[in-house]
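Peer 1: One-letter residues, chain by chain:
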Amino acid sequence: AQKITQTQPGMFVQEKEAVTLDCTYDTSDPSYGLFWYKQPSSGEMIFLIYQGSYDQQNATEGRYSLNFQKARKSANLVISASQLGDSAMYFCAMREVNSGYSTLTFGKGTMLLVSP
Amino acid sequence: DAGVIQSPRHEVTEMGQEVTLRCKPISGHDYLFWYRQTMMRGLELLIYFNNNVPIDDSGMPEDRFSAKMPNASFSTLKIQPSEPRDSAVYFCASSFIGDLEQYFGPGTRLTVT
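Residue numbers (this note's numbering), protein chains in the order written: chain A, 1 to 116; chain B, 1 to 113.
Incorrect hints may appear among the rest.
Part of the chain B face toward chain A, derived, beta carbon under 10 Å [as the list claims (entries may be wrong)]:
{"#": "1", "residue": "M15"}
{"#": "2", "residue": "G16"}
{"#": "3", "residue": "Y48"}
{"#": "4", "residue": "V53"}
{"#": "5", "residue": "P54"}
{"#": "6", "residue": "D56"}
{"#": "7", "residue": "R85"}
{"#": "8", "residue": "V89"}
{"#": "9", "residue": "F91"}
{"#": "10", "residue": "A93"}
{"#": "11", "residue": "E101"}
{"#": "12", "residue": "F104"}
{"#": "13", "residue": "G105"}
{"#": "14", "residue": "P106"}
{"#": "15", "residue": "T113"}
Just so you know, the hints here were simulated from the structure itself, not pulled from any lab data. Predicted model, so just to flag it, every value in this text is computed and none were measured. Ideal placement from N, C-alpha and C gives every residue a C-beta, glycine not left out.
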């Protein structure tokens with residue numbers, strides 16, 4: 001079974017609108033971390049936001065927020081007020097304690113296109 | 001800080017040739033990771049090191065792949081002999097034990113013809 005599932009291969013949004021990118025995960029580990037990375041067309045991987053499994057509040061970083069629903073094992077990324085520069089691939093990833101808390105498992109990614 | 005440095009950025013080689021990818025992690029980081037990204041398989045962890053010691057190489061696809069970290073500031077990923085199916089973007093990433101995130105290099109785009 002996949003540990004990270006991103007069901008949206010592609011998403012379209014208009015500039016200035018909010019968009020939610022879905023991510024569900026599968027783990028039996030009580031301690032884990034969830035990450036979102038952005039990969040623009042230039043290819044680099046850019047860290048966006050992190051949520052720990054024991055964090056009580058949803059993580060926020062500027063226009064990025066993580067809608068963490070632990071019971072449903074989902075960690076959706078919400079981008080508010082989309083900008084043209086947000087067009088990129090977005091990857092959800094998880095790090096589990098049982099794996100030594102060092103390695104990341106990535107989802108397949110969601111391509112986001114922001115139109116004017 | 002210059003970030004994680006990878007070289008070359010692009011490599012085109014013929015099947016059967018040896019390919020060596022290089023990585024310089026961020027100074028002070030004690031973890032180093034090699035990933036491969038393809039359209040079919042996404043981002044896969046190949047191997048990672050802690051304090052220059054390989055910890056998990058279960059993601060290395062075949063014996064044709066080998067990785068070394070002779071010191072804290074340098075690592076190589078070697079493919080010998082290379083095959084067309086090795087064509088991918090190879091990322092190196094590093095982190096410090098207290099960090100939450102891994103810091104990725106710009107990647108090396110490998111094309112094997």
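Peer 1: Hints first: check each against the structure and report whether it holds.
Peer 2: Hint check:
{"no.": "1", "hint": "M15", "verdict": "violated (24 Å)"}
{"no.": "2", "hint": "G16", "verdict": "violated (27 Å)"}
{"no.": "3", "hint": "Y48", "verdict": "holds (6 Å)"}
{"no.": "4", "hint": "V53", "verdict": "violated (12 Å)"}
{"no.": "5", "hint": "P54", "verdict": "violated (12 Å)"}
{"no.": "6", "hint": "D56", "verdict": "holds (7 Å)"}
{"no.": "7", "hint": "R85", "verdict": "violated (19 Å)"}
{"no.": "8", "hint": "V89", "verdict": "holds (7 Å)"}
{"no.": "9", "hint": "F91", "verdict": "holds (7 Å)"}
{"no.": "10", "hint": "A93", "verdict": "holds (8 Å)"}
{"no.": "11", "hint": "E101", "verdict": "holds (4 Å)"}
{"no.": "12", "hint": "F104", "verdict": "holds (4 Å)"}
{"no.": "13", "hint": "G105", "verdict": "holds (8 Å)"}
{"no.": "14", "hint": "P106", "verdict": "holds (5 Å)"}
{"no.": "15", "hint": "T113", "verdict": "violated (20 Å)"}
The structure does not agree with the numbered hints 1, 2, 4, 5, 7 and 15 stated previously, though it agrees with the rest.
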